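Work out the full structure: start from the sequences and follow the hints.
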Amino acid sequence: MCGIVGLFLKDKALEPRLGELLSDMLITMTDRGPDSAGIAIYGAGAPGKVKITAQSADPENEFKGLVAELELAGVAADVTLKSTHAVIEIAEDAVADTRAFLARKGLRVMGAGESVEIYKEVGLPKDVVARFDIRAMGGTHGIGHTRMATESAVTTLGAHPFSTGADQCLVHNGSLSNHNNLRRVLVKQGMKFETQNDSEVAAAYLTSEMAGGKDLGQALTSALDDLDGFFTFVVGTKDGFGVVRDPIACKPAVMAETDQYIAFGSEYRALVNLPGIETARVWEPEPATVYFWDHGKAA
Amino acid sequence: MPVFDLAKTPLREFNAALHSVGNGDNDTAFEVLNPRGSHALAVGIDQPLSVDVRGSVGYYCAGMNDGGAVTVHGSAGPGVAENMMTGTVTIEGDASQYAGATGRGGLLVIKGNAASRCGISMKGIDIVVHGNIGHMSAFMAQSGHLVVLGDAGEALGDSLYEAKLFVRGEVKSLGADCVEKEMRPEHIEVLAGLLEKAGADAKPEEFKRYGSARTLYNFNIDNADAY
Chain A
1 MCGIVGLFLK DKALEPRLGE LLSDMLITMT DRGPDSAGIA IYGAGAPGKV KITAQSADPE
61 NEFKGLVAEL ELAGVAADVT LKSTHAVIEI AEDAVADTRA FLARKGLRVM GAGESVEIYK
121 EVGLPKDVVA RFDIRAMGGT HGIGHTRMAT ESAVTTLGAH PFSTGADQCL VHNGSLSNHN
181 NLRRVLVKQG MKFETQNDSE VAAAYLTSEM AGGKDLGQAL TSALDDLDGF FTFVVGTKDG
241 FGVVRDPIAC KPAVMAETDQ YIAFGSEYRA LVNLPGIETA RVWEPEPATV YFWDHGKAA
Chain B
1 MPVFDLAKTP LREFNAALHS VGNGDNDTAF EVLNPRGSHA LAVGIDQPLS VDVRGSVGYY
61 CAGMNDGGAV TVHGSAGPGV AENMMTGTVT IEGDASQYAG ATGRGGLLVI KGNAASRCGI
121 SMKGIDIVVH GNIGHMSAFM AQSGHLVVLG DAGEALGDSL YEAKLFVRGE VKSLGADCVE
181 KEMRPEHIEV LAGLLEKAGA DAKPEEFKRY GSARTLYNFN IDNADAY
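Chains as they are written, first to last, in our numbering: chain A, 1 to 299; chain B, 1 to 227.
Treat the hints with care, since some could be wrong.
Unchecked claim - Sample of chain A residues facing chain B (criterion: CB under 8 Å; computed from the structure):
| no. | residue |
| --- | --- |
| 1 | Asp246 |
| 2 | Ala249 |
| 3 | Lys251 |
| 4 | Pro252 |
| 5 | Met255 |
| 6 | Val272 |
| 7 | Pro287 |
| 8 | Tyr291 |
| 9 | Asp294 |
What the hints assert, rightly or not - A few chain A residues facing chain B, derived, Cβ under 10 Å:
| no. | residue |
| --- | --- |
| 10 | Val254 |
| 11 | Thr258 |
| 12 | Asp259 |
| 13 | Trp283 |
| 14 | Glu284 |
Unchecked claim - Just a sample of chain B residues kept apart from chain A, beta carbon distances all over 12 Å, derived:
| no. | residue |
| --- | --- |
| 15 | His39 |
| 16 | Gln47 |
| 17 | Pro48 |
| 18 | Tyr98 |
| 19 | Gly112 |
| 20 | Met136 |
| 21 | Gly153 |
| 22 | Glu189 |
| 23 | Val190 |
| 24 | Pro204 |
| 25 | Thr215 |
| 26 | Ala224 |
| 27 | Tyr227 |
Because the hints were derived from the structure by calculation, they are not lab data. Here the structure is a predicted model, which means the values were calculated and not measured. The beta carbon of each residue, even a glycine, is placed where N, CA and C say it ideally should be.
Structural data, given as structure tokens:
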């Protein structure tokens with residue numbers, strides 16, 4: 001099954017409440033998937049800085065003295081520790097050194113970018129949300145996922161959202177049938193994969209398409225031709241928020257729009273606590289149709 | 001009139017109250033507040049009750065209805081009125097996929113749009129959709145009527161048996177073995193009755209009828225090579 005939620009804010013007054021609203025939406029979807037949960041929050045980033053969210057199975061030991069260790073590796077970093085995750089803020093030009101350091105240390109990278117922070121773990125949404133204090137987080141848009149695994153193992157890396165490019169992330173309800181072949185094609189193009197998961201291939205595919213010059217909307221349109229299988233995707237970029245369903249569209253999806261936000265839920269239940277939902281325009285996204293919003297373009 | 005506020009009362013209590021109504025009881029008009037997208041609301045009604053739901057519901061609302069009159073003053077999730085036997089289910093808003101699936105009787109009225117697979121495998125139910133319907137609607141539909149005032153999506157009536165389909169708007173494409181058929185006076189009469197029952201303001205003459213070409217009913221020896 002899996003449960004997906006997404007919230008793209010239009011009204012700045014709601015931004016401090018993004019984490020709280022998204023947390024409640026995701027917890028409502030718990031019975032669609034109890035294996036693992038994750039949230040990507042797009043918040044304010046400092047210009048010229050990059051945030052890398054890293055994860056450790058042994059945070060007490062591995063995160064101890066992280067700032068000093070990074071300094072030894074030649075990287076000046078601000079580190080915020082949250083349970084098993086560390087958000088490492090560095091200068092743009094220090095990304096390669098930082099990634100190399102994290103790889104040497106055996107820490108996993110959940111995502112990186114100017115504004116995105118990605119938190120994901122095995123466990124129920126309510127526990128994952130609490131351990132990372134998601135409710136306290138503000139931001140412009142965010143995406144959440146609660147997983148019932150059908151492809152690949154139930155691990156932190158197998159949890160959604162998948163991030164394969166700067167400030168990009170994807171959550172998926174469904175299963176792809178041509179991901180093994182597509183992964184081989186993408187590996188030849190130089191993409192790197194962390195898991196055997198089909199959704200990671202979808203994320204990497206979109207990253208690859210956008211690296212070729214497409215915007216998120218165009219990349220999602222190509223996905224309809226190139227991805228085979230069942231999918232409802234919700235995708236985030238630094239400024240953008242996209243939704244697409246396969247032509248069969250058996251994976252559920254509901255959207256709502258008001259002057260304040262655009263919201264996505266696997267079910268209407270996920271949306272019922274949003275402000276003004278009673279008068280929102282609520283609709284089911286059409287099959288094989290790309291929905292795409294952009295903060296940059298909306299302004 | 002018993003009123004159940006699902007913000008305070010568990011859904012199971014409400015469904016149990018519906019099932020505890022006996023033959024000939026007087027208190028048969030129920031109202032539900034704050035359904036908040038709940039699943040399986042008002043399923044398994046087996047008495048001539050009326051239920052007014054103030055808000056939107058989730059999966060499988062009014063499933064297996066046998067004699068009830070359920071009105072959802074909002075939209076419905078997947079599988080609304082699935083396997084209805086008799087009675088009426090009215091959705092004031094939109095319905096998600098496979099509305100009225102496998103229904104054996106009764107009337108399902110959707111005032112908004114219905115998504116994909118509306119009336120899939122219907123077996124005698126009448127479905128009237130005031131708006132549009134999605135793809136693969138009436139797939140393998142066996143009997144009953146599907147009336148659509150708006151447009152129909154791809155592959156309408158694929159592998160159809162004897163259900164009768166009436167569409168006023170455009171049909172994006174017909175499924176395998178589904179063909180347009182002549183509208184004869186008896187069809188106009190049936191359609192007029194359904195439109196009236198569903199409170200639909202439309203003239204039966206504006207509709208086209210679709211049905212089974214019946215070419216899949218029997219094995220065709222020319223296709224033997226395919227097996």
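Taking the hints in turn, this is what the structure says about them:
Using the Cβ-Cβ criterion of 8 Å, the hint placing Asp246(A) at the interface with chain B is not satisfied: the shortest such distance is roughly 11 Å. The criterion of a C-beta within 8 Å of any C-beta in chain B is met by Ala249(A), whose closest approach is roughly 6 Å, and the hint holds. At its closest, the beta carbon of Lys251(A) sits 10 Å from a beta carbon of chain B; the interface hint therefore is violated under the 8 Å criterion. Evaluation of the Pro252(A) hint against chain B yields a held restraint, the C-beta minimum of about 6 Å falling below 8 Å.
Given the 8 Å rule on beta carbons, the hint for Met255(A) is violated: about 12 Å separates it from the nearest Cβ of chain B. With a cut of 8 Å, the hint placing Val272(A) at the interface with chain B holds, because the nearest CB-to-CB distance is about 4 Å. About 7 Å separates the beta-carbon of Pro287(A) from the nearest beta-carbon of chain B, less than 8 Å, and the hint is met. This hint is violated: Tyr291(A) has a C-beta 15 Å from the nearest C-beta of chain B, more than the 8 Å allowed.
The restraint placing Asp294(A) at the interface with chain B is violated, with a minimum CB-CB distance near 27 Å, outside the 8 Å limit. With 10 Å as the threshold, the beta carbon of Val254(A) comes within range of chain B, its nearest partner Cβ sitting at about 8 Å, so the hint holds. Nearest Cβ of chain B to the Cβ of Thr258(A): about 15 Å, over the 10 Å cut. The hint is violated. Checking Asp259(A) against chain B: minimum C-beta separation of about 20 Å lies over 10 Å; hint violated.
For Trp283(A), the suggested interface contact is upheld, since its CB lies about 7 Å from the closest CB of chain B, less than 10 Å. Look at Glu284(A): its Cβ gets to within about 5 Å of chain B, closer than 10 Å, so that hint holds up. At roughly 8 Å from the closest C-beta of chain A, the C-beta of His39(B) falls inside 12 Å, breaking its exclusion from the interface. Every C-beta of chain A lies more than 12 Å from that of Gln47(B), the closest at about 28 Å, which supports listing it as non-interface.
Distance check on Pro48(B): its Cβ is at least 29 Å (rounded) from any Cβ of chain A, clearing the 12 Å threshold; non-interface status holds. Not every CB of chain A is more than 12 Å from the CB of Tyr98(B) (nearest about 9 Å), against its label as outside the interface. Not every Cβ of chain A is farther than 12 Å from the Cβ of Gly112(B); the closest lies at roughly 10 Å, contradicting the non-interface assignment. Its closest Cβ contact with chain A, about 8 Å, brings Met136(B) to no more than 12 Å, contrary to its assignment away from the interface.
Some Cβ of chain A comes within 12 Å of the Cβ of Gly153(B); the nearest lies about 8 Å off, and the non-interface call is violated. Against chain A, the non-interface label of Glu189(B) holds: every CB pair exceeds 12 Å, the least being about 34 Å. Under the 12 Å C-beta cut-off, the non-interface status given to Val190(B) relative to chain A holds; the minimum distance is some 30 Å. Look at Pro204(B): its CB is around 29 Å from the nearest CB on chain A, clear of 12 Å, so calling it non-interface holds up.
The beta carbon of Thr215(B) sits about 25 Å from the closest Cβ of chain A, which is more than 12 Å, so the claim that it is off the interface holds. Distance check on Ala224(B): its Cβ is at least 30 Å (rounded) from any Cβ of chain A, clearing the 12 Å threshold; non-interface status holds. With 12 Å as the threshold on Cβ separation, the claim that Tyr227(B) sits away from chain A holds: the shortest Cβ distance comes to roughly 25 Å.
When each numbered hint is compared with the structure, violations occur for hints 1, 3, 5, 8, 9, 11, 12, 15, 18, 19, 20 and 21.
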